[in-house]
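K.L.:
Residue numbers (this note's numbering), protein chains in the order written: chain A, 1 to 502; chain B, 1 to 487.
These aren't lab readings, by the way, just hints derived from the structure by calculation.
Incorrect hints may have been included.
Claimed, not checked - In silico BS3-like links for lysine-lysine, alpha-carbon gap of 25 Å or less: (1) A:K187 with A:K299; (2) B:K164 with B:K105; (3) A:K165 with B:K362; (4) A:K299 with A:K165; (5) A:K108 with B:K362; (6) A:K501 with A:K187.
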Amino acid sequence: MPASHLLSVLIWLPILGAVAVLAFGRTANTARWLSVIVALATFVVSVALWAGYQIGAPGLQFVENLTWIAALKANYALGVDGISVALIVLTAFTSVLVIIGSWGPIDKRVSQYMAAMLALEGLLIGVFAATDALLFYVFFEGMLIPMFIIIGIWGGPRRVYATLKFFIYTFLGSIFMLVGLIYLHMKTGDFSLASFAQVHLSAREQAWLFFAFLLGFAIKVPMWPVHTWLPDAHVEAPTGGSVILAAIMLKVGGYGFIRFSLPIAPDASQEYAWVVIAMSLIAIIYIGYVALVQEDMKKLIAYSSIAHMGFVTLGVFIALALVRVNGNPAGARLGIQGAMVQMISHGFVSGAMFSCIGVMYDRLHTRMIRDYGGIANVMPWFAAFMVLFAMANCGLPGTSGFVGEFMVILAAFQDSPLTALLAAFTLIIGAAYTLWLVKRVVFGEVGNAKVAKMQDLDTREWIVLGAFALGVLAVGVYPKPLIDLMDPAVLQIVQQLGLTKL
Amino acid sequence: MILFNPNDLLAMVPELYLLGATFAILLLDLFLEPDQRGITHWLSLTVVVLTGVLTWLDAPAQGQAVAAFDGMFLHDGVATVLKLFVLITTAIVFVYGRGYLRDRKLFIGEFYLLILFATLGMLLLVSAGSLLTVYLGLELLTLSSYALVALNRDSPLSSEAAIKYFVLGALASGLLLYGMSMIYGATGSLDLAHIHAATGSHRTLLAFGVVFLVVGAAFKLGAAPFHMWLPDVYQGAPTAVTLFVGSASKLAAFGMTYRLLEGAVGDLHPQWTLMLSLLAVLSLAVGNVFAIAQTNLKRMLAYSTISHIGFLLLGFVNGTPAGYAAAMFYMISYVLMATVAFGMIMLLARAGFEAEEIDDFKGLNQRNPWYAGIMAITMFSLAGVPPLFGFFAKLMVLKAAIDAGQLWLAIVAIVFAIVGIYYYLRVVKVMYFDAPREDAPLALPADNTFRWALSINGLALIALGIAWGPLFDWCSHAFTIVAETTR
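Chain B on its own, in the form it takes in the complex (with noise of 0.2 Å):
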């Protein structure tokens, strides 16, 4: 039974904040004319940026946790730092799709409202304390982001994109279902804390709903084998919600994985990261070697996607706070890469053409040395080439997987890293060292904000690379937690 008390409502200001003004801007959107749309893009950034502020302000203190509604809700280090990161992403899509979306006549109200409530629903999921509130918030998280891919109806590609995501997102859920249902029955419980301690017995029962969730999560971390829908879903949906669906909801989905496997049946760690592993080593040869054949750029960041997700998994191995600081750590370093990455590719699109396959950047270098040196920035980043943000986050996954006595984990990814390192540096090749197309300076868009957010999320790729320590410190002090209380 649910005890309602109101001081719960204060560990969801942001949410409920959020929510409410989400269903205004839906309102609001219905009277507006199209060419009146710019106010639903600064009024949805205002809330999204105003939504982070009230999560920062309304953070924890430091090593606090709080489980607000019986349990239902938690309140802690872990979830304030990625409902930020999911935040400042969400701001960084709005910000990079304008754009993109008005050449292409997407520049339309729902955009904005499914991206609204994917956010929500991920801030749910980092947040969720208990089964429940998981698949809420994933539910949330998904629904929209199907319709989101759906978005260029008229396009065949994206529909197809979408069928594929719908079909097997759904197949993802069920399973995760399944495995809840197993943990349930084995625990008689829906709240993580209460599994957590009585995952003492049926050991069998539980082992095999862990199996499910942990397949659950590889389907939305996008590991392989789980990693099917990846390539198409990224190739298919317009560039602007590739952005979205390749990097805050990846986010989302290291807050699930972590509440879940940890925070649920963290006792069972031995079988878990032997599977976790497997995943890893899964991921990091087909993303790396898949990629190498693309001529895409979409489906090869789409696989290099699924490569970082192997060196992700890498952090959960040790099942410490250490280790998942790291992978949170190399989640967040991931996101802002990816976020260039994918920016540059509405930077260089125009109405009627996709700037995404990988020879559309030849000879950047001569048409715009700034941005070429950018995407030149993010690529060495990608690759994990020192000084480079890339690179420390890693160095930290490597190291948990040194300190877990993993040394075969980190020598396989190494290698594959060594692999990997190819397909990045034909960007750059392409870029640096082929003739343009076309000689004509690179016509760039007339939006003066999506220039400036684009150069400095490239040069805090370089900032952070110099400077990455207070960002790990916060990482690392998420997951201590000294007191637990709840309201």
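Extracted from the complex, chain A is given alone in its bound form (with noise of 0.2 Å):
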């Protein structure tokens, strides 16, 4: 394995951009140029990480390892799987698309913003390649700081609520994670994830383990009965931090079910999958209705982020009961990939929904469903996209939204045909909000004086919307690149998931 350095420079890049943003952006538009092209310059060197990653090839790439604190034996250690590369291009992508689509609706202290952007970005990344538990945790935390600012500063009217409710209610999930860690470092000596996944464990020991890994992961992505941060900090956060929040930050949640809980309490995982489970039912019918029943767009599509989680978090437990009870490794890789699958598109959908959602308020000012109507008739171009995005909500064929729910509803019924059947509930209710929200909002007679003036997408607008148009079409249509990317990790899992601890 060629030593490359090509993860730091992932990390580092847009965090040092940000510095660099802050001390050189002193007029807006030096700030949005300088913040543009480091993301770019990210994104360039994600897509070089992609195409040198090598399918199949055993082990985790680009490792990196460094001595940090000798004391503890914990280490700078960054190496990528393909789970993990297809998260750190979305993200690199995404980032880019965000700051874009700022550049016009973001006025007031433009440095800092795209500051904060940027240094959450390099922090995102740096989740998605910490192989060490403690340096994953400092990256992990380290992201509220950026995204405290943003919703704070440049949120809605309520944001310092939102903000301050966003920061405790993850900080209280994640601290428990921390006592987690420190005593798997006295078992084991070191915080590497890879002897955390080795080391012998009781069931009592893994219960506990389990459950602190649960609120923190939970709280992240978020599950029901912990998600109700996430529609404030949505409603709330400026467009772009909505954004970044959706297509990104929640999938730190599932990435660390699998990186976390799977491996180090694999036992405690089975024992309890069933609380899992149930709470992604809940997720995707309950939540479903409660997305029904919004007034406000952005809530709804918040609402309608935490049903979609609920297939993440669905795909990775039910693969425990396949493989430990049925012995069906073969539906538990295709319930892991299917979450996978889903993380990712649902990174394009949202991102994309909150977009849309962008795109009105920075017209109107009004996120509400009655403040709209008829939009098709002065804005078609805008209707075409938001329908395309509705339509990979609802989990139409051919969009991306499609194909991750489908392959974990796969999975669901070779365990148990009723989960499937609960989960399956989402075809419908996930239906019927997303079309009706698309038909109060887009379809109709044009709603009022002001929607008239409404003008369509300018060519910012269109760059950003048909990137993630894109980026919906591309895994809905033909997924197999990214399933075949992510395969041999899955595939890893699923082994380690046979094997017990105790």
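Please assemble the complex out of the two chains, which come individually in their own frames, going by the hints.
P.N.:
Printed below as a string of structure tokens:
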């Protein structure tokens, strides 16, 4: 394996870029151009990472390992498998679009906003690349700081409430995880995820660790019933903040489950899988109904995100039952693959939906559904994009939303037809709230005089929505490259699941 | 009987230098006009820095411990690390305090002399090898501190704080002395090492004495329920003095606690561990919950100190060198954060205006983004958010508690850390999310040294967050004693 510092570049380029933007972005336009250049450069490097990643080669790639804290044997250890590569590329891709999308709407303290976004990007890439638990935790918690600032400064009227709730809620979850990590360190003597995965733990220890991790990651995902921070955060966040939050930050929770819960506490994960599966199903069905009654578009999409993330946790935990109870590793593989595809797909779809709402909000400065109506008459291009993303949100075949959900439902069916049936309700409920939203906002007569004056997309918005549409369609029509990329990693997880640690 | 050995003097060269230089400054200051006070300032700063250099040069080899003056004065790694940080913080106090004191007509020689004497007391205290030297150092420190708090004698708030500090401090010293007399009665010795060797018998009497030692130490550290003096003293004292009392003397209090509890009665570890655990839980609860209600930033930081002392005590429960190293690391990190926080209050203060209400920081980001950033870093660091220094300090004490098998204590600590997050975030909130009261850019003090030092102090919290390994190793090595010699 040739020594390569691509991952370090991916982490530090945006972070140092953020410092540069703060230092040199004296005028708004300098800050904007500088950050677009940094974000694009990061994206190019992430594509190079993708291109350089050898599918099928065993183990982690692009490994970097430097001693960080000798006293704790904590290392600056980075490495990626297919799942991480996919998420890193998604992060870099979305960050570019977010920065382009914030070009106009953010007009006060632009350099600080752009710097916060770039720093967030670097920290998120760090989360997906870290193979040392302490380093992971540092990135995992560190990303709260820029997000706290983004919601708090550029957010809506109740931004202070929303951002404090966001910060304290997510901090609460992860700090228990920290205790779990220290405990594991006491057992193994270092912080590497690989040795955490190998250490033997009693059923009791695993149960404690499992719930510590569950609290941390369930809040991040977020799962019912610890989701209540998300609608507030989404509603008050500026468009860019919502997009990053929905498209990337929520994925950290799902990623954490497969990196921590499953390998470290597999037996407890199996024992308590029913808890997670039940929570996922409640998220899919109940939160779907909650989304149906929302009057605020952002809140509606926020709830729909929770419902869709339910498929991620369902796919991950259904795999345990499939491997261990039914002896069906092929089904488990399908479940985890579905969950991972759903993560990527939801990144595109939710990012696109929030961008669409941002486009409307920039024109009328309201997010209420009743203030719109008949937008298709005045903004035909916008309407076309919005309908496409709405279809993807309902899981229409041919869009990315279909692939992941279908795979998870297929896997669930092999375990229990009832679970599959309940999960499949999303096809009805998801369609109901999304299509009803589209009907009320996009179609029909022009709602009022203000709507009649709305201008169609400008070039900048075209680029953003067009890029998201490409992502949605590419994954929807031809998901094979994505699945192939992640398959070896998924296979390895499935194999690990078969081994007990007791 | 104390046998005098000239070599013993070598062990306390920095202290002797500081003592001599302080007297020289005392004499010189008598002949200076008020507008020449800058000379006292620079001389005192130089003396502190040179004492630091001497301490560095005079440091015992790693793992070596020397007991000089028949065991009265310990010259070891712990003392060296603590002394260096005491001197660094004292230098910071001088640099930060100058403009603030001048604006308040407190730019007087007494400030410098009292602090120099207090510093001498702290150096003695952290090196103390006998109950007598402990008390000598402690009284030199606290008597100077009482006078410092009352420095602004025309201010009723300041005088009230000084009286409160004096009465409660005297009470604490009395309790400590009472405990010492018990220990002396049980072991027949004042020497910490002899006491340690003689703790086998008279366990009840010793345990009785230990209670008073713990109470005395808790008073000086500011652990609940012996914290009553802290908020009033922090608020009432001139901020430059608060900075001193809240930073350097905490390091010395840590040193004293370590010398007394581990050095003298380390074998009664099971007894005092339980007491310290209770103090830790109470401090975490009182500090974090009461801080939420504060509108005055200095009072808030006082309660925050109490909660940090709670965290610090987690390092003691294990009773191992690793635990003490974590606690010392925590104390150093806290002191470096507290200096920025109080420095920011002095940066924003002007003649006739104290920027000590949290609302005085409103909209700071619009008025001066750089210093708003420095303050935000400090608040996030105090709250324990990675990748800042404060997080790793918390990590190490939590690890010490978990290694000690006190998982419940670690969990209590983190629950209160979550509570604590709120009031630190509130400061960030007023700086970043609220509109400023006045739109004019922040009028910065002309003192360039202060501004640079404050910025470096703030950025150090990031730098030490990324590369804290060497500092922690230094702390750990300080507690690993390989060879003990008596000169």
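K.L.:
What hints, given by number in increasing order, does this structure fail?
P.N.:
When the structure is compared with the hints, only number 1 turns out to be violated.
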